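If you're matching them up, the sequences are chains A and B in order.
What the first sequence shows, in this note's numbering, is residues 51 to 221, in sequence order.
What the second sequence shows, in this note's numbering, is residues 51 to 221, in sequence order.
If you're looking for bench data, these hints aren't it; they were derived computationally from the structure.
Copies of the same chain look alike in the list, so a pair counts if it fits in one copy or across any two.
For lysine to aspartate or glutamate, the following EDC-like pairs were computed, each having C-alpha atoms within a straight-line distance of at most 20 Å:
{"no.": "1", "residue 1": "K175", "residue 2": "E192"}
{"no.": "2", "residue 1": "K203", "residue 2": "D104"}
{"no.": "3", "residue 1": "K221", "residue 2": "D158"}
{"no.": "4", "residue 1": "K136", "residue 2": "D209"}
{"no.": "5", "residue 1": "K197", "residue 2": "D104"}
Since we're looking at a predicted model, the values are computed, not measured.
The lines below spell out each chain.
There are 2 protein chains.
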Amino acid sequence: MALINFSPPYQREFMRHTISVLVENKFGVLTRIAGLFSGRGYNIDTLNVGPTDDPATSRMTIVTRGDDATLEQIVKQLEKLTDILKVQDFREDEYIDRELVLVKVAVDSKTRAEVMQITDIFRSKIVDVQPKSLTIEITGNESKVEKFLRLMKTFGVIDLTRTGKVALPRK
Amino acid sequence: MALINFSPPYQREFMRHTISVLVENKFGVLTRIAGLFSGRGYNIDTLNVGPTDDPATSRMTIVTRGDDATLEQIVKQLEKLTDILKVQDFREDEYIDRELVLVKVAVDSKTRAEVMQITDIFRSKIVDVQPKSLTIEITGNESKVEKFLRLMKTFGVIDLTRTGKVALPRK
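So here's chain A without its partners, still in its complex pose:
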């Protein structure tokens, strides 16, 4: 049985890896992939899976931390699995990565303008306005997103949802 553990921050002392896996839309794919990581004691920070241009395949992006030698073994085992078409380990290659976060921030008549100003500086978007909250969409790499969220914490984060990272090679 596959086990999976989303790493809490205090376990995040290892190097981070971003793995992109192109899979066929077949039963059991997610379970088998997750099982490979957890079987080696590898935690998953974020995971996402979505359709590609080809209706028969999906692409999964997994962000994980651990030592390089173990990860190399995982990548080799992934490549051997049926229904897995391609595995890319972005730990060394040049790549572009982005994440999307929706965050609902507490505001009142005094703080609304300030939150709007910060949103503007980060080139993020206000996607909903309520009397006591603003919902903001921010995209970027991890450091940008984390910086923005730290600022929003000072106003009060009511709700938050993150897609996890997706990545594409530059070349």
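Start from chain A and add chain B according to the hints.
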């Protein structure tokens, strides 16, 4: 053993549901959730999981299709699972949803300007430029993203990665 199937488009005749699940960062959570869906013959269109404001929890967003009665049972069963703190079924409530897509589009000296123009109209961003390609970040709800991708197909999609949808209630 949990089995999961990413629905190919020809199976997408059912109503779509967006489920947001707040989970504790414990072993086996992803497997157990995926198992509940697949055990009822429910396919998953997209799935993502990422950290929340609380280091002990993660939020998972699952987009699935199927009949309402079965989904209600799944939600009830999810609520009973240990390590699951909250389940929201966004099929009826008013909510905001967004997805992020990175797409690498083939361009040459003739088509580059046209792709840039369309990118501008969709308020999306060019995040990388290569001699024969542009990589574009687009965010939005499904209909906006799908419309943009259909347009990009006419130029040639080289590579594509999607985060899957995330959602927050408006209120």
